[in-house]
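Assemble chain F onto chain P, guided by the hints.
Protein chains in written order, with numbering that gives the first Met the number 0: chain P, 0 to 113; chain F, 0 to 184.
Don't read these hints as lab results, they were simulated from the structure. None of these values were measured; they are calculated from a predicted model. For every residue, glycine included, the Cβ atom is placed at its ideal position computed from N, Cα and C. Treat the hints loosely; a few may be bogus.
[As the list claims (entries may be wrong)] Which residues of chain P face chain F? A partial, calculated answer using Cβ under 7 angstroms:
#, residue
1, 49
2, 71
3, 72
4, 75
[Stated by the list, open to error] Interface residues of chain P toward chain F, partial, derived using beta-carbon atoms under 10 angstroms:
#, residue
5, 29
6, 46
7, 47
8, 48
9, 74
10, 76
11, 80
12, 84
13, 86
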Amino acid sequence: MDTNDSLRVASLWHSMHAISQQLSPTTGCSGIELLEADTFDLHCFQSLTGTKFFVVCEPGTQHMEALLKVVYELYTDYVLKNPFYEMEMPIRCELFDINLTQAVQKDRVALLGR
Amino acid sequence: MPPAAPRSGDAIFASVERNAELFTLTYGAIVRQLLTDLEEVEEVNKQLDQMGYNIGIRLIDEFLAKSNVSRCVDFKETAEMIAKVGFKMFLGVTASVMNWDADGTCCSIVLEDNPLVDFVELPDTCQGLYYCNILSGVIRGALEMVAMKTEVTWIRDMLRGDDAYELQVKLLKQVPEEYPYKDDE
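Extracted from the complex, chain P is given alone in its bound form:
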């Protein structure tokens, strides 16, 4: 997936998330947390600052919320503390990418044993 596709998906999700808050029949709804489709699940975590992290995975994958929290911490460390990262811009921080891949790998090993 190249940058343009990522931006497209992210902006689509941002809008859907916002609309879902307005459409929700329950009061105090803060947006979509889980989207279950035939071929994938989408888990979303929204921080109190409004930044959203979402992960697309195989249907039925467990512990994605924990993974999202780990990604949030990686974001606060490797992205926000990078003085050359401009807020709201696409993330091009190598350290973040490396650590993110490691976290996902660790998660996969823990869940599937491979």
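Okay, now just chain F, sitting in the frame of chain P:
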């Protein structure tokens, strides 16, 4: 899986290695350099506040991620969070909250101890300087990212002869995230 409990500021501060003196010295060097570059004390105050603001907008996410706190119910809880968890987590000092006004929108955060000012004395030429003005910017920036517009000013400053550091935090308004959707278009 039960949600993780909020972590105390102590625990987080202890878990990160830090050389406190290097931090104090670095901050001092920044202030000295700003005074040399900008010459006017008012300009330096403004610049420190701006630097603090830029730090605050990024620091808030780290605070939220590491401390695991849930949304604060009201501004009183927010102020307590800043004083007890925030200051502890990032500076290793506890602050206290006092002097609430009638609507609960304005309070003072009082610091007895302030690692930024270890070894510092203000000379006569810098009497208008708010040496720790970066802190007011940090609080203002951080709160802005969680939908609160605030005004943060120094009431008492030990470098100016007072007996403690007192920051007044005033909530101007809540600004929930707006989406450009109009219902009646």
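Tell me if residue 86 of chain P is really an interface residue toward chain F, meaning its C-beta lies closer than 10 angstroms to one of theirs. Holds - the Cβ of residue 86 of chain P comes within 10 angstroms of chain F, reaching about 7 angstroms at its closest.
Per the CB criterion, is residue 76 of chain P less than 10 angstroms away from chain F? holds (7 angstroms)
Against chain F, run the beta carbon of residue 46 of chain P and see if the smallest gap drops under 10 angstroms. This interface hint holds because 6 angstroms falls under the 10 angstroms limit.
Holds or violated: the hint that residue 47 of chain P contacts chain F, with Cβ atoms closer than 10 angstroms. Constraint on residue 47 of chain P satisfied, holds at 5 angstroms.
Return the status of the interface hint for residue 74 of chain P: holds when the least beta-carbon distance to chain F is below 10 angstroms, violated otherwise. holds (7 angstroms)
Holds or violated: the hint that residue 48 of chain P contacts chain F, with Cβ atoms closer than 10 angstroms. holds (5 angstroms)
Mind checking the CB of residue 75 of chain P against every CB in chain F and telling me if the closest is under 7 angstroms? holds (4 angstroms)
For the hint on residue 49 of chain P, just tell me whether its beta-carbon gets within less than 7 angstroms of chain F. The hint holds - residue 49 of chain P has a Cβ within 7 angstroms of chain F, the shortest such distance being about 5 angstroms.
Interface restraint verdict for residue 84 of chain P against chain F (beta-carbon cut-off 10 angstroms): Nearest chain F Cβ about 9 angstroms off; hint holds.
Let's test the interface hint: is any C-beta of chain F closer than 7 angstroms to that of residue 71 of chain P? Given a least distance of 5 angstroms, the restraint on residue 71 of chain P holds.
Using the nearest Cβ pair, does residue 80 of chain P come within less than 10 angstroms of chain F? Since the shortest Cβ distance to chain F is 7 angstroms, the answer is holds.
For the hint on residue 29 of chain P, just tell me whether its beta-carbon gets within less than 10 angstroms of chain F. holds (9 angstroms)
The structure fails none of the hints (numbered hints given earlier).
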